[in-house]
Every structure is written in C-alpha cells, then in structure tokens.
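Enquirer: Chains as they are written, first to last, in full-length UniProt numbering: chain Y, 1 to 802; chain Z, 1 to 802.
Worth flagging that the hints you see were computed from the coordinates, not collected in a lab.
Here the structure is a predicted model, which means the values were calculated and not measured.
One or more hints might be untrue.
Unchecked claim - Straight-line distance between alpha carbons at most 25 Å, and here's what the computed DSS-like set of lysine-lysine pairs gives:
hint, chain 1, residue 1, chain 2, residue 2
1, Y, K241, Z, K2
2, Z, K32, Z, K169
3, Y, K46, Z, K321
4, Z, K84, Z, K2
5, Z, K60, Y, K321
Here's the letter readout for the chains.
2 protein chains.
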Amino acid sequence: MKINQFGYVPTQHQQIIDELRDIRFLDLENIKIKSPLHLFRSLLLKSFSVHQGETTRIAKIASMMATETVDADSYTNGSGTLSKSAFYNVGLQLLGFTVDLDFSLTNPLKMMTEVGLPIAEVTDPLTRDDVIDAWYRLLNTRTKFGQLLIDKLAGEGYYHQFLADETFKRPLIFNGKAQAVFDTDHLVREVVYVESPLDIDHDGRRDLLKVKLIRPAETDRGLTVPVVYTANPYGEGTNDKWSESWSHDNNRPLKRKQPNNFTYRDVQDTYDHSKVPVPRTINGHTKQAEETFTMTWIYSLNDYFLARGFAVVYSAGIGTKDSDGFRTTGTRDETISAISVIEWLHGDRTAFTNRVDQIAISAWWATGNVGMTGRSYLGTLSIASELTGVGGLKTAVVEAGISNYYDYYRENGLMVSPDGDDADVLAEFTFSRQQSAADYAQIKEPWLAHLKQIKRDQDHDSGSYNRFGDARNLLKENHAKADILLVHGLNDGNVKPAQVWNLRKALKSKSLTQKLILHQGQHEYLNNFRSFDFTDIVNLWLTNKLLNVANQANQVLPNVIVQDNAHAETWHGYQDWGGQEASIQIYQLGDDQMINPGGHTSFSDHLDKSQFETYTKDINKWRDDLYSRDGSPMDGHCIRILTPPLVNDLVINGRPSLALTVKSSQMVGMISVALMDYGKANRLTADPQVLASQQILTGYHWRKDDLKEFLPKKKANDVKRVVQGHINMQNRENAYKVDDLEPNTEYQLNLVLQPTFWRFLKGHQIGIVIYATDMAYTVRGNQDIRYQVNLASSTLRLPELK
Amino acid sequence: MKINQFGYVPTQHQQIIDELRDIRFLDLENIKIKSPLHLFRSLLLKSFSVHQGETTRIAKIASMMATETVDADSYTNGSGTLSKSAFYNVGLQLLGFTVDLDFSLTNPLKMMTEVGLPIAEVTDPLTRDDVIDAWYRLLNTRTKFGQLLIDKLAGEGYYHQFLADETFKRPLIFNGKAQAVFDTDHLVREVVYVESPLDIDHDGRRDLLKVKLIRPAETDRGLTVPVVYTANPYGEGTNDKWSESWSHDNNRPLKRKQPNNFTYRDVQDTYDHSKVPVPRTINGHTKQAEETFTMTWIYSLNDYFLARGFAVVYSAGIGTKDSDGFRTTGTRDETISAISVIEWLHGDRTAFTNRVDQIAISAWWATGNVGMTGRSYLGTLSIASELTGVGGLKTAVVEAGISNYYDYYRENGLMVSPDGDDADVLAEFTFSRQQSAADYAQIKEPWLAHLKQIKRDQDHDSGSYNRFGDARNLLKENHAKADILLVHGLNDGNVKPAQVWNLRKALKSKSLTQKLILHQGQHEYLNNFRSFDFTDIVNLWLTNKLLNVANQANQVLPNVIVQDNAHAETWHGYQDWGGQEASIQIYQLGDDQMINPGGHTSFSDHLDKSQFETYTKDINKWRDDLYSRDGSPMDGHCIRILTPPLVNDLVINGRPSLALTVKSSQMVGMISVALMDYGKANRLTADPQVLASQQILTGYHWRKDDLKEFLPKKKANDVKRVVQGHINMQNRENAYKVDDLEPNTEYQLNLVLQPTFWRFLKGHQIGIVIYATDMAYTVRGNQDIRYQVNLASSTLRLPELK
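Make the full structure from the sequences, and use the hints.
Expert: Here's what the structure looks like:
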C-alpha cells in the first residue's frame, strides 16, 4: 500500500490555530489546556463528539491502543507525556488502519514511512504546540479508505452538529479546501430552459436547452454559490440500438485515393454565424422554477462538491431530450450550446421556466463563477468551452477530453475507429430527442436529412482531413483564459493521449495556469483511488478558482503529476511533459546492436482465411500473436526490432516518432507501428479494481463511493505495448494532401506515435513492431499487399528524460 | 424481454376507487369528471404533479404520442372517446418503453402480450369506470426498469408533495403494499447495546450486543413501526487476511476411518443452558440513545422498506466489533445472540445506551412486530431465529440460508469444502472484535483457546457427523411458528439447495404458511431483477405479516415460484416442490437403451502429475474435461452414462438419487456423481448481469439500485451440470456410523443428490458422470485408487413432474 498526497497546503502554526478554531476542534475551553497529553485527549473526544454521551465517546477512545499495553483512554487520562509513537499509534487507528495487520504498535512510524503517510515535525515527547500541529496534519492525512481524516469525520457527522449554529462558517475552508458543511438532505433541484443563440433544427426559433441544477438550500436564505457544471450529452439517454444501424463495417479494403494538391485552405471551414432568429419576448420574470427532476446517473465527484457548498449544473445540449436542435458531433454549434449555460449562470443569457410561457428566470443564487467537470465527451465540451474564453468560466477539470475530432476517428489519412464508429454514429447515439415520441414525430424528416448530410460530409472511406473535420478541430480558435486541470490515461485507447498533448501545447501560448495528471489507466475517472488524492486536489483547485480562496493551489500542485507505470501506487511530480527536460535519442533500426528475432525486413499483410476470421473475432489473440517476440502465427506478417536489454532504467517523456523507408507492393498502403516494452513484469492493469465497496463518504449520509486502484496483475508477462501510430502511405505530407503511391517504390514516412511518459526498467528491451492492418483500429480488408522496410534508412526517435 | 408479476392483488372497482383516493389520484374534483378522456387527462396531469407549473405538466403529456399521429395532450384535450390502444400507447410511455424501439403505436397490445404486461379487462373505447380500473392496474404494472409505476412516481416525488398534509395516511397501503411515503431525509440512526442471556467469553458478565437501528423520524411524533431486522455477522468487518492462516489444505489424501458402531446418541449434543450470570443492575431508564452510526454496507431491500415506514435494525452478534462474546459458527449461542435483539424489540429484554452506565432504553418506537431479511449467514440466522419460535418474530425472508452446518462443509462422511474452509476459518473470519485493538488485547488468549477448541472438535479430517456438527444442526429443535418466505438459487454451490429443501420439510409439520422462490442463479440477492417482481412480493408479504394488513398475501402468492432454466426471464407458480406432483422414474444404468460413450465401467482416480497440477490450478478446465461427453483427458477417470435424446421436455422436481454398486481397489474410497443436461443451448448465466445502472428508485432522492437479470449466454454450449452428490464409501449407512471397507469388494451405495427443479428440453440427453475426487469440493490426494461400478445393478431415480 502506498498513499501519495499532493493536495496538502503547508501551513504555519498561527494559521493552524485559526483553522482549528474555525472547524471547532479548538475552542475557548480546550485552548487553555496546558498538558500536551490532555489536549490530545480533548481533541480525541471532539473527534467522536457526534455521539451525545461522554461514556460512548470515552469508549471509542478506550477501544484504541496507545502503546503495546495501554489503551488510549488510560494513556490520555494519565499525567505523563505524549510520545510520538503513542500519538501515531492512535492516529493510525483513527485513520482506519488495523493494529497487527497494517502496523505494529512498537513502531508506527515504520509503516507510515513505508506507506508514505506524513509524520509531523515534532519533538518526542510532543509539546503543546506539537500536538496542535500534528493533529492538524493528521486531520489532513488520508485514511486507509482513500479520503482525508477530516472528510471521514465529516462523513460520520462531525460538522453536522454545528449546522444549527448561525455563526458557523459556510462555506468553511480547511487547509485550503471547502468542507462538507452543507446539508445535502435539503438540496434544491430545478429545471430551466436556456435560450441559446442557435437554431440548428431550422424551425425559426432559438433552440431552448434543458438545464438541471442542484443548489444548496442555503441559497434560499441569501447565500450565493459557485457552480460545478457538467455538459453531458449522454445525460438524457442514449440510442444504443438505433445508432448501431449507422455504424460502418471495418471489414473492407483500404481504397486508393485520387492524389490531389490540397493546401489547408482547401479544407478550411468557416463557421456561419448568421441566421440566428431573434430572442423570444420575455413575458415576465420569476425567481421560482416550476420543474424538478430525479437523477439516475451518479457522478460522485460532483456530489462531493454539493456537500461543500457548490451548486451542480447538468446540461445535455442541443438535440437531446427536452431540448431543441440537433446533435452535430463536435461542431461550434455544440460549443455554443455548452457555453450558453455558462452565460446564463454568469448573467449574460436568458433562461425560461418552461418551454412555452417565456417567463425568464435568472441564476440569482449563483456567484457567476463556473468550473466545468467531466470525462470523455463531457470533457470535450469543457475543452470547447475553455477555448472560447467565455465569461464566467473560471476553470475546467478535464478528464480524457477530445481537442480535435480528426484525431479521434482518424490518423494520418487513415480511419482508426474501432467498431466502425464515426461522427454520424455518435450523433445518432446522443440524439435523445428521438426517445420523446411526440417531439420526434415533428422533426423526424429534417433530422434524418441532417444525419445523412453528416454521413456524406465526414467521407468515412477516405480518412483524410477535410472541411468536415476542420469544423470539428476545437484547437482552431483559441481564446482560452481560464486556468485548467487536465487529466488523461496513458493507456486510453479511446480518447488518445495526443488529444491532451496537443491541447497543452496550444494553451501554452496563453496567459493561464495549466496542470496535468497522467495516470496509467484507460478511459477512467480518478476520483476514488487510494494511492492518489485526486479529489482533494480538485477541491484545492476549485476552492481557489471558484471561491477565490488564496490557498496557493498554483504553487502547491506540481505542473505535471505522472503515475509510474513500473511501480504500483507511485505518483511523481514533474515540471513539464515533453519539454526541455527530455532529449531525443535516435535508434537506427538496421543497426548491428538492434535485434531482429525473425530476421524479417518485409512482410505480407495477407492472412489465410481462417486465421483472419479467428483474429477478427478475438482481437486479444491477434494482439498477443503480433506483440510476441517471435514464434507466433503473426511471424512474417510484421517486423519486430528490439534493443538490447537496458543497462539502466530509461524514461520516455514525450512523443516517440519513426522515420521509415517503406515500399508497398500495391498502389495503396498503410503502416502501423507499436512501441513495445519487453521484459517480464507484473504490470499494472489499466482497469481500476474495487478495493473496498462503498467506503468513501462524500458527505454526511450522502453519496458513498467504492475505493479503487490500478493494481499489478497477478501474473507476470513479457509484453506491454506502450504507444502506437498509424499512417496511410498516401498521406505522407499531411492528413489532407493525398500523395500518389507507386507499387514497389521506396517512400519516406514520418510517423509520430502517441505521446507518453513511460519507465522502461533496467533489463527490459524497447521494441518496435511494424505491421499494416490493425485489427482493432483500421479497416481490415485482408488485402494481398507486401510491405518492405529499408531498415538501414529507418530510425526511431525517443524523447528520453535526462 | 419478459416481465413476470406475482405480487398483484386482484381488486374490486369500489376498493380501487378508495385506494386511488388514498393515494390522491382521485379527489373531490376529478371524481366528478364524466368524460373518460378527460378523466384520463386529469390522471395524467396528476402523474406529473410534482412539477409546480401546469405548462410543464402539459408539456410532459405533450411529449407522448397517443396515436400514430396525435400527441397525448391534443388527444386528451379533445371531445372524443378514449381508445384502448391510445390508453396503452400512453401507458407504455409512462412505463418507460420507447416508441418504435420497444413497441409500435399501431398495436401496443401486441408488445404487452409478448412481454407479459397486464392488460385491463376494459371495453374499447373505455368507459369512465374502465379508466379508473385500467389506471389502477397501470400504476401496479412494472416499468421497463423493474419497478411498479407507482414506485417510480414515488421515486420522482409523487408522494412527497403530500407529506406536509397531516391527513395524508402514513403508513399508506396501495394494492396491498406499503408505499414510499416516509421521509428518508430525516431518518434517526441510533446504537444500543442489548444484554443477551449469554456469557460466551466467560468474563462473568452477560454479553452485550451492539445493535444499529434506523427508524423514521415520524416515530418521534408518536408513530410506532414494525422492524425489518438483519442479523449480519459480517456487518462490523471481516478478518480476510487473518482467517486465511486457519484454512485447511485440500491437497491431502482421503484417510481410512476406524469403523465404529455409532448410533445417533453417540453424536448427540445437548446445549448447556446453565452458567449465565445475572443481569446487570438497571441504573435508570431513558428514551434517548447516545450513539449514532454511519453505514457503509448498502442493502437495498432494507433501504426500500425504510422509505415505506419500517424501521431497519442490524446486529452483528457475539464476537463482533463493539459486542462481547466469541464467534462459534452456528451454535445455539449465535441463535440466542440473534433472537436477543428480537426480544428487545418485542419488549422482552433489556438494552443499554452504552456499555458502561447501565441506563436502559426500550424500543419504544416499535410495534413489536419483527421480520428478518438477509442472505447466506444472514439468512442462516433468520432460520435459526425462526426455529426458536421467539415472540415478536412474525416472519422471515430467507435468501440462501443454512439449516444444518453439517451439509454446508460436509456430505455423507466426506469434507466438501472449497478452499479448505471449516467452522474455525469462519469463526476467525467474522471475529471482528480482533479489529478493535484495545478490546482484543484483553481477550486474545481465551479467544485463541476457544478457536483451537473449535478446530479440534470439528475434526476436519474425518468428515463424519459428530457432536460438534450436531450442535450446529439448526433443524434439531423446531418451534417455528412464523410464516416464512424462502429464496434459493438452484445453482448455488455455496449454500446448496438441500439446505432449503430440508428446512421446508421440517416446517411442513408446523402450522404456518411457507412460500418458496427458486431461481437459476448462484448465491445471489433477487431484489433488483427486471423479469421478476421480488421486491413487490416481499412488500406484499411484510405488509401482511408485520403491518397486519389483510392483503391476501398467502392466497395471492403461489406456494412455489420457480425460474425456468430453459426459457429466459420465465417464472412459473407451482403447488409444491418435490411433493406428490412428481413421480419417481427409474433408469437402469446398464440398460441397453443407455449410452456409455467411452464404454467404461471402471476408472482410475489417479492422474499423472502435470495433469493433476493443471487441474488444481484451473478447476474450470477440470470441469470441462470431466463433463464433456467423451474424448477428453478425463476419459478413463470417470464413467459417463447418457439417456437417448428425449422425445419430449422432461421436468425434474425434487431430489434425484442413485443406487450404485461399487468396488474400490483400496481400503478407502469416495464416489462423486453429477447429473448432467447434455444438448446445445444458450443457457442462462448464474451470475446476474447489469441491465441498467442505478435506474431503480427505492424512494424519493433515496437509494438507487442497478437493474439486473440472469441472461442467456451469448455462446451456445453442450453441457450443464444440474446437481451433484458425494459420498464416503465408509459412510454407507449414514454420516456418523463408519463402516468397514474391504478392497475389491462390491458395496451398495445410496447417494441422494441435491434437489432441483429442472427442465430438460426435448432432444437433450440426461447424463450421469460417476467419478471420485472432486477437484472443487473434496480432498484431492491424487491417490492410486481404481473404482469399478456394476452398472447392471446400479440405478438412477428421477422425480419427474407428471
């Protein structure tokens, strides 16, 4: 077990006293206690003060051991000193660790050091000031079950006892983070309809967007609160079945494309801002919404903030159930749909109480400060909003968002879309208006026409960057000004790491603070892991950006936090990702040092029929065979090159690339490359495992969450793909210009792989697998094409951490 | 999709009107409406009355289609009639079904018939009375997401709007079921310590038992409520790691036992009631508890009842954290621990506010009526309590409980315990007092002595029924008087179906009503399935037994409900299980009609070393090889006999058995038998799959639950084990008398398999696999023993449904 903590704010003694007074651990009575031991006892008694009876509180203390032989009640009732070991013996039991299982009473500090728990700098025995400082640090230490001790106490009702007291601070900040002092039993849930400056369904009226909001009841008594806003196109339902019929069949040949001489201007898209109908007449104003809702989707990160005095707002956007408009998959229209809600929250746009009466309702309970959250499409809309520089948006916490749709479905002139997905499929998937029968009856024809237009314009067969793609390149216009916290999985094969890489690069030109967290998972949320205090980091971040608390969030948090792939539960802080700290090392693929187990320099992309069918049904088997060092049915269908075993650990930080000299035997061709880590190891699973069910308390009798972790696999294995890349040999220059391709002619390809941050352990070997059809991503026509690679004039370039 | 409903109570028109008034769908205003169409509109408007604005309510109606071309708003605003088809088009949309995906507006009744949704007996067009009756039936129809429409509306806030009204009935009964009219935002959570008549840890004081209770806030204003009580030994934590060290190694040989002439008297245990210390002095009385708690375990069935005016009580019992005593794994002491809580709830026993002050607190908020719930060990304690006839216990809903511990770990003189579990392992696993360091420090020595005594007395090696086992045979004393609802998985390999079979048999001698539900899962809870209204059934049951509502629960519910193994999502009602409705058919195993694919009549139980090691690591592979018809590495290690393909479906209802004539080549021997279903089919998975996440609303802004189902496997396969059995050849007469065993001598074995309810489809073949070592259950010493079966004098007896 390892526990990493990045969200702690170093705090001075006087500030500690003030904060402990604010949260009522110190009061007029116990501040006077001179004995360190008795002060400790007083703090312990307060930890259990949710119980009305003092006997019960003492029993709780008596159930813990302070030394090997004396329980914490007897110990703190004495007249002696408070040893460091006794303090932490009790402290660890408060943190949920079990004596003799997790640690030994003879030496609690040993386990704390091993696990990474902070030990306060105190003398032994502790002075009175030491007790105060160490107690503060303990409250800000993470329990065995992945949350801060103060959050666990809050979950058990610690703050709840003070809620009747008008003088109790709300919001309440402790160590820079907003505390769970809001009453989630009385949240107000309302629906409003924001009038967007859009008319996507061309019905002559501005599109109304359904917005669901949850706000603390305290807002009804004058408090204004910041907003955590999630734009979630899936939020009103998805058309799982209906969208299937739009998906494309990947079992088709790679087609030759007609060469062209396109420049960017040929594919440049310009957004048409015209033709927005005038706003509706406002027939009146009210502060009272008239519709409520029940959520069935649970987003525990947002729920955590509801207990801490933030409102939470959800909007599914244009083309979703109870809203107007159509889904467009990533255009400026969807961005405008997302930011219309922020504009309303910021006081810059109108919302109505219902879709008919035109009675306006403002976000009168909001401070106007908005932060966005969400993963995947939800994160994509956060990125899109961020890049507009819309007023009111103070930050976004983006998990695995798309910054350019071209890189989502396509790569270097190739389709790379598992299951034949494309923009049309996703548009139909999210078009939940179709589930509202009466609504759909009125718009069925224009919707189908619109969808067919998407299907035509995306030009699924070509894989080239075109005007359709340009309209969905969110990075094209960049007015970003809000600080941003980015999160991405280095093993995310859905929204790939290049999305966040390119976004970071674009944001570097702007005057804003950006932070990045890279984990070793796939397409996952991070807010319930034991080894990493993600939720606390987000709290520190949003308390800073939305509540304007000067908590040093920008200074305390490293610019880049990376989960180590080779050591479980280990997270490191770095200055940057792929910046000056890495230097490019070049490996000649034909070099004598390099190992080519099969001795191949060419390969056939054609598999015999049964083998091909086996692989299309069992992609994992295909991967195993492809990535094995040698001696699999994929020998002769790829080229594998390995470095000698590494003499030291080697860390790649950035984007590997290859310069390849390749011939195709036909007038079409594609090349795929995988960068491999060979070497026996118990590697981390990229799917989180549940460590403890429902143990995380996000508030008092509020949402619980499972504790999770990326755990090492039980079986060691030899092979891990680090990153990959694909290229259409007809797109050697860029993704929109189509080059000619002569059979059996050598061409230079420059293939940039996905970016990564990867530790190759000493003794491991770096590998490169060069192949063509990617059964998981590209079209798979099982064409009779032979590829020849001139290894002598091919190189691998690796950005290696100095 | 199929939806089966057993919990509906047929109701007369006048009663329907009264009930609809109670739940406020009919009121003084709309009762006067003459037009069926306009009455329907009024009911629809009330369905959405949680929204304050009439415009919003109308918009909700307008979003549904009544006919292929007219929406429900326009339709119900007209002056025409209300067609049956329009009623159900709207009704299905209210139930969450999607137009064009789940059903067609041209013929809603077609889909309803296919899925099994009830269609009210009404004329077309509907009369005014028809509208009332059909609306009532619709509210009591299950939605696409596995709950009644009225429960879905309640989850969205329907009842919440009436809570401020003092005249609104609480509890409120609708169609015989308690409604979600209680405010779960203000539940009272308290801890008390019940003083049990036990002193298991021999400290000279009666053992105090921690009890957690959750009661509606309405009890503070004079309401008394019944209790749903779950005795959960896992509830205060489990010693996963510590108990591992106690587990036994199954890789050991079967040992010869010394023959004896034991009669039952030699193994009979008598419970020692003496030596209970006197009760503690009561120092005072209070109504006010002084300790509260936070739950991390979620039991959604209990939570469902919290919203419906039942209190919920949890107790982990003797030997768990914050209680006294030791774990004993299934003795009378654990039973007394469980019923002590019921006695307190019923007013017959003392509880204190804490462990020290001896201030008594009664369950003053309780009616004294208690029903128990829970699965596995939890269900076991329900059975144990039921059999005592304790006052106050009105019913138990038992999911997969143990009725006799001998049958849990042992069978016919053999250990049949996966992973080498036994009573000692389970005692240590549940002894959560060990997690409380200071408590454990005081009792470590006596606990370890107690645990070692369990280890000695259980006599793990022998597998025989002994005095230790007799002390854990719950069926020995039977004073049962409470009606009982039993639930068991026919594929439960943990708590096997014989446990419920034997319990049912024992309860038949008592004057009580018992109901049984048999599903096709393993060791699973049933309360969130789409195809089956388990939660509604339990509601009907507890409303009858605990609230004393005359809702005809005993008459409405079939005695036995069985999930069909051969047809997905299909549940049938039966009169009995294994009673007169089945007749015994005898199959001679050596008959010419029978197929013996390998031609074997003898087999060696010895595997070569690598094969043996492969199987111990991969039990599923062993099973596949064993159960395959022929041509696997297990050929020659078993005998397989098949019937010819069946000409018609054949249903087994009861306990199959075999009379076998067998020789062992050694002085020890065991025989295992599996009854097989051979024939290609997409069989049901025994693990439930999630159909829809968090869609079940158990109350208003209260607990949500995932919707689940046992789905057919995507791949057809040939083989399914139906039931199995094991016997030690030295226990030919019974489990306690050890017989002699001469090598190479024929013995008659009578082996009764687990009971079942199983449909063999026409064309399938019934199979018997006879083998010895069961890699999954028995010891596995890989001994060199050869078994010979005299097939000519061996028979299979099947109880077949007439």
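Enquirer: Under the constraints set out in the numbered hints, which ones does this structure not fulfil?
Expert: Of the numbered hints, all hold.
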